[in-house]
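4 protein chains.
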Amino acid sequence: MSNLFHQKSLNLLSEQLTEKGIDTSELISKIAQFQIAVPSWALGAGGTRFGRFSIGGEPRNLEEKLEDIGLLAQLTKRTDAVSLHIPWDIPQDTEAVKQKAASLGIGFDAMNSNTFQDYGQPLSYKMGSLSNADAAVRKQAVEHNLQVIEIGKSLGSKGLTVWLADGSNFPGQAHFRKALQWTTDSLKEIYSGMPSDWKLLLEYKPYEPNFYHTVIPDWGTSGLICRQLGDRAKVLVDLGHHLPNTNIEQIVATLMHQDLLAGFHFNDSKYGDDDLSTGSIKPYQLFLIFCELIGGAEEGAQAWDSISWMIDASHNTKDPLEDLIQALEAISQAYAKALLVDREKLNQCQNEGDVVAAQEVLQEAFLTDVRPLVREARIQSGGEGGPLAFYRKEKIREKLIAKRGRSSQASGL
Amino acid sequence: MSNLFHQKSLNLLSEQLTEKGIDTSELISKIAQFQIAVPSWALGAGGTRFGRFSIGGEPRNLEEKLEDIGLLAQLTKRTDAVSLHIPWDIPQDTEAVKQKAASLGIGFDAMNSNTFQDYGQPLSYKMGSLSNADAAVRKQAVEHNLQVIEIGKSLGSKGLTVWLADGSNFPGQAHFRKALQWTTDSLKEIYSGMPSDWKLLLEYKPYEPNFYHTVIPDWGTSGLICRQLGDRAKVLVDLGHHLPNTNIEQIVATLMHQDLLAGFHFNDSKYGDDDLSTGSIKPYQLFLIFCELIGGAEEGAQAWDSISWMIDASHNTKDPLEDLIQALEAISQAYAKALLVDREKLNQCQNEGDVVAAQEVLQEAFLTDVRPLVREARIQSGGEGGPLAFYRKEKIREKLIAKRGRSSQASGL
Amino acid sequence: MSNLFHQKSLNLLSEQLTEKGIDTSELISKIAQFQIAVPSWALGAGGTRFGRFSIGGEPRNLEEKLEDIGLLAQLTKRTDAVSLHIPWDIPQDTEAVKQKAASLGIGFDAMNSNTFQDYGQPLSYKMGSLSNADAAVRKQAVEHNLQVIEIGKSLGSKGLTVWLADGSNFPGQAHFRKALQWTTDSLKEIYSGMPSDWKLLLEYKPYEPNFYHTVIPDWGTSGLICRQLGDRAKVLVDLGHHLPNTNIEQIVATLMHQDLLAGFHFNDSKYGDDDLSTGSIKPYQLFLIFCELIGGAEEGAQAWDSISWMIDASHNTKDPLEDLIQALEAISQAYAKALLVDREKLNQCQNEGDVVAAQEVLQEAFLTDVRPLVREARIQSGGEGGPLAFYRKEKIREKLIAKRGRSSQASGL
Amino acid sequence: MSNLFHQKSLNLLSEQLTEKGIDTSELISKIAQFQIAVPSWALGAGGTRFGRFSIGGEPRNLEEKLEDIGLLAQLTKRTDAVSLHIPWDIPQDTEAVKQKAASLGIGFDAMNSNTFQDYGQPLSYKMGSLSNADAAVRKQAVEHNLQVIEIGKSLGSKGLTVWLADGSNFPGQAHFRKALQWTTDSLKEIYSGMPSDWKLLLEYKPYEPNFYHTVIPDWGTSGLICRQLGDRAKVLVDLGHHLPNTNIEQIVATLMHQDLLAGFHFNDSKYGDDDLSTGSIKPYQLFLIFCELIGGAEEGAQAWDSISWMIDASHNTKDPLEDLIQALEAISQAYAKALLVDREKLNQCQNEGDVVAAQEVLQEAFLTDVRPLVREARIQSGGEGGPLAFYRKEKIREKLIAKRGRSSQASGL
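Residue numbers (our numbering), protein chains in the order written: chain A, 1 to 413; chain B, 1 to 413; chain C, 1 to 413; chain D, 1 to 413.
Bound conformation, chain A alone (with noise of 0.2 angstroms):
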């Protein structure tokens, strides 16, 4: 889009706003200040059990991991931290790694710990981990966790997520109420060993990497054993862990009304845990969501403040980076989109069940083109206007692989 028609659009669509008494610099400024974090293992081509297809100039370590996610806030002044995942990412000097974050304007979002593999560790997790029905690997398990906390105290993170792979693949295999309750004794140990403010963010997924059960299947058994845990224990939703055709956005505003919502991994998914970029299937869905969250947040559910945001996508076909900067840009339009919906008609339709005008708002909302108010938040921060096309122009992808070689592969999965 020319600066000419982005000009005009915003001009136009400013208008149209000022007409309903709609602020357009507030909207700006709000969308300005949504950012989203990444994690470290999202720099890398990502893969299927099937197989990987590098794309070349990978970072090879946590500063060239840094240096990638500078670049990405630089360009789209979307995202201003990284999440770390231990033991992938412990740092070699913990000052030089802060310092360089600090240079880039990066901060460190909640850590990730990984009790789904065996990296060399005494005891395997083949059979589990917080969950195993040996206490000895719980133990092991417990401790990882505690060391995952201490590296992130270093860099200054505040929050600690746990995605849990543990489960079975065959009945029989497991016995559901032990492992439930072997977790929740082995979260305990974890919670207590946070500071105090820090948040446990506790994902939960119906299946994969096991295929019969998982321990923590839905939000309900996230949910149950984080209240066990304490205040500071809260349910994140990775878009993707749903059973086919869940509806997601219910579940936002269900634990909302807890109080009970940690924050998102955001992809998009077809099936399973695809973990496509966001917005790229079911843009609506996306928006829905965010209607739910603006929604909590104004109506005092909980505090918009106290939700955590991070893309966790799996990029097998795109260039991550490129990938990343249409993931950003599709989550704020999904953001700016729902900051449109006009929330007293819709509640006034709610409450006389005027189900056609309660859906005509949201359409409303959803239809409009807000593209030049992305847009022109990312310019007033200081990013590009058209971040992708820039990226392109300059072939940063074709001076990473200079550097860093064509087979350089992200450490991580």
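Keep in mind the hints are simulated off the structure, nothing from the lab. For glycine and all other residues, C-beta sits at the position ideal for the given N, C-alpha and C. Fair warning: there could be bad hints in the mix.
One-sided and incomplete, this derived list gives chain B residues near chain D with beta-carbon spacing under 7 angstroms [stated by the list, open to error]:
1) F5
2) L12
3) Q16
4) P244
5) P283
6) Y284
7) K318
8) E322
9) V356
10) T368
11) D369
Within a straight-line C-alpha distance of at most 30 angstroms, the following computed DSS-like cross-link-like pairs (lysine-lysine) qualify [said to hold, decoys possible]:
12) D:K100 x D:K403
13) B:K345 x A:K178
14) B:K399 x D:K345
15) D:K126 x A:K393
If you want a taste of the chain D side facing chain B, the calculated C-beta under 10 angstroms gives, among others [claimed, not checked]:
16) E19
17) P283
18) Q363
Start from chain A and add chains B, C and D according to the hints.
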């Protein structure tokens, strides 16, 4: 099966079980004691939104419904109670109904309220009942439930089952959090109107008849509400009320872990709430559910006697009485097989991570032909060895048609 | 939207499109020409197996149904034909009906037969119709379809739509291969009874009202049968007739690739055959479907004019006329957005494996606010700028209730 | 099970079957003759995208894979062939491999090509292989398949199995119709390179490793391509390659109806392509599939001998050899139970619309404990009565670890 083969099979099975240390007569006694309630609406032909095909000879009133269940009880000895639905089953003469039921050996299981249809009440439930944005509608729905409790008290029932169809068909139609709160508040009023020896059984269902959202879509939401009501409010599991691929046996375990399982609505399904005959589609799942039930009770998670058992199917193509005979048999078989599981060995396999052997333990029980045990339990209780064959030989449906007419239609759905 | 903003928005959009080499007036003309048929049964309130809530003022006979569609045509200019259902819409006076329709500018789209219900015919369809094991039932069902063709001929229709509910509820009930063969044979008789300028539109549906198997569950089976009938038999796609997560746009492409796409039944759904308003749940999917349709037609796979368009939704909570206005708008928007896709650039991206840019091409079109184009097309055709607002301002439903009564019920479902 | 009880159970079952007119020895003979191939990649531990847990003692080369299958054959007498995967199993010395296989009584089932990974070939398959927009990549992929045919010819194989991972992750990435046409054209070249006594087995799969679309997602597309190739191209059914709730047994019947069923990849699943042990999750579905197979063959739809049988599971938590023993047992049981179905009576029920009795016929067979028959078939063939017990008693895995090492990893996935 001839009596000769029944005896031979029973003897051989008994011999094998004895060698494993299992007391066959105790087993038979447990099977004989297990009783499953039948709802009053299951005695007529069901239908879909596309139509309904009559079966003929359907009960025309409450008394005839009791007679049908009395017949079922006599033939199968697996059912001893009816679950009534108000307003479909409002007794004209309570004492007469009680006497009729008593004479047939039939008790009154949990009562069912209906706030999902308009049947002449002043305010419409089109936009919901307990969750309606209009306080007057909520009040009416609460009062209906209180009236159902009164009727139940007069008959000797000890429970109220609430299936709430409330929800929305379109994004924007309902306010998720308000709907949930209003529902909780309404249920609090109903709960406080229940006698102290009653329990409230709260269903969940992800969709249908609303197709965008339902107010109580999953066990987590049902449990959340129950926790706010009190100890006598628990979650009812209808086997058809789940999203595709849900691990239902795990939900059963999770609910028992919290002493939160109210009971079951048994049926089977391939797609959604298909309401097919229990055990006709996924018999192994039914077995696994009973494994959890027995394990949870034996290990002290929740008392067996605190759980309610009911069939809830829709007989669209079969004679309802034949369908119920098949369902009662399938449930008894699943229960009997689950009783055969060597739980000690299973626990050992789980502790040792011996997945292959754990599967063998379950398969050993499931593959056993337990029909001699179920048949013997029925015979010892005074029922028919082959109730379905008896029903056909005696031409019972033909007699019912002769008596009640070919186009009689069961009251209700 | 005020007229002022409509004009401003249209001008700016037109300016932008012109710069991209797109002729706005041609675009508007295409949108204006696109007409979608409405079925006669969509004019009354729908329902589920759990009940039905009346809307009031529903058309009481075929003439009133025509009047409702005439009104829709007048307001929206997006529909010009009705699709009748026999026996619900058997005309009493064919000539009068034709004249009424002609006076309203309404033609007769494909006829719909009904062999899924018992409505007084000699033999029951409980165990199936075209696939029934009893040859006499199959004969009756074939003859019903032939009668529908006769009625259609008298009205000027040019097609027969067959939705076959046949199937089974339980394993063992039906003989899969025989049922398929009998259905094929029955359809051959029907096909040979069609005039040479008619087409047969054959639906598929995986489940409901049968819940174990349906005789024509997927496009593959429908296509297999059509191939045995002849060139004028093609596969009809109802958007709600798919298993969870099905990629419907790919099915559309695959059918066009074989010149085998009969047309559409538009609606939307979250779970199954929910029959919600088109575009209310998955607008991006609808857009992607139109991308395939336009691409397939432009690239010569199948001619655009050979495809039939119809809405088929169930209006359980909305005023049917308002619902149809929303659906016609949503379909027009999806079509307009798909027309904006830069297909040349998309093809180039596909050839070069530029996945990121391919997504941008689609997003560029989808994110554009095309409402000014759709509105302008409507206005230029003589319709209302805002048909929904007009409908409400004119209190049309209230007038219909006054005329037809509050408890009128549309004939049929 | 002790030998004593085996004999007693077999005698009683035989007595019962004789009374029904079933010849037990013929039954045992059929079970004994039924052989299922094992793929070379199933002998090592599988994994997910999140990691892999070694089992130890995995075969390090083709010879050791043959040895493992030879062991399976010796213990179970249910498998007599291996299915190789190229490039993972390119024989170094073809004659030596053939001799080794012959000495173990193992033949060579269908060959498997691999165009879903990059393993050093000049052009990448990242954007597809047989469907790639680049003709050079398509040519490379065709030539790979032709090379696989050559290797297969040298070993005595008679078939080529093509599982095509081609597809796309994002809307817009692929051109559906072109991808389908290119795939068809590529397969024509491969088909014409096959010897005249070979068959081509073409798989379908709805998703994974591509998560938006796959080129051959369903049986309809696979069948469409096969029809264009020739009579020796048929559709392969992998039990895990379906959308949720698919009626697989119906697909089997529909394919046999067209003489279009190539064969099976046996496994089981709860969510997607979980690749769990056959029979571990849905044993009743497996039984129903065998009912269709036997019915289709007996009634002349497609010859039994024209169908290929193979296990294709991923052994993530079990010892692969133990897993395969369990799978072979489960398949044998399902087959044996299906052989017990009283098909004449079932047909009668179907003709009379006696749904209840039809279910009883299937249940009568499914509920029968056929383990004595399967065990006897194994013993009579010279296998072990209890192969799993034998395997453990003889500490075979321990011996393999001692010989091959704890960290050996099977070549391939």
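Here's how the hints hold up against the structure:
1. F5: F5 of chain B check passes; min Cβ-Cβ to chain D is 6 angstroms, inside 7 angstroms.
2. L12: Holds: closest Cβ of chain D sits about 6 angstroms from L12 of chain B, inside 7 angstroms.
3. Q16: holds (6 angstroms)
4. P244: For P244 of chain B, the interface hint holds, since the closest Cβ of chain D sits about 4 angstroms away, which is under 7 angstroms.
5. P283: holds (5 angstroms)
6. Y284: holds (5 angstroms)
7. K318: holds (5 angstroms)
8. E322: At 5 angstroms from the nearest chain D Cβ, E322 of chain B passes the 7 angstroms test, so the hint holds.
9. V356: Status holds, d = 5 angstroms.
10. T368: Cβ of T368 of chain B sits 6 angstroms from chain D, so the hint holds.
11. D369: For D369 of chain B, the interface hint holds, since the closest Cβ of chain D sits about 4 angstroms away, which is under 7 angstroms.
12. D:K100 x D:K403: holds (18 angstroms)
13. B:K345 x A:K178: holds (16 angstroms)
14. B:K399 x D:K345: holds (26 angstroms)
15. D:K126 x A:K393: holds (24 angstroms)
16. E19: holds (8 angstroms)
17. P283: This hint holds: P283 of chain D lies near chain B, its Cβ roughly 5 angstroms from the closest one there, short of 10 angstroms.
18. Q363: Holds, because the Cβ-Cβ distance from Q363 of chain D to chain B comes to roughly 8 angstroms (cut-off 10 angstroms).
In this structure, every one of the numbered hints holds.
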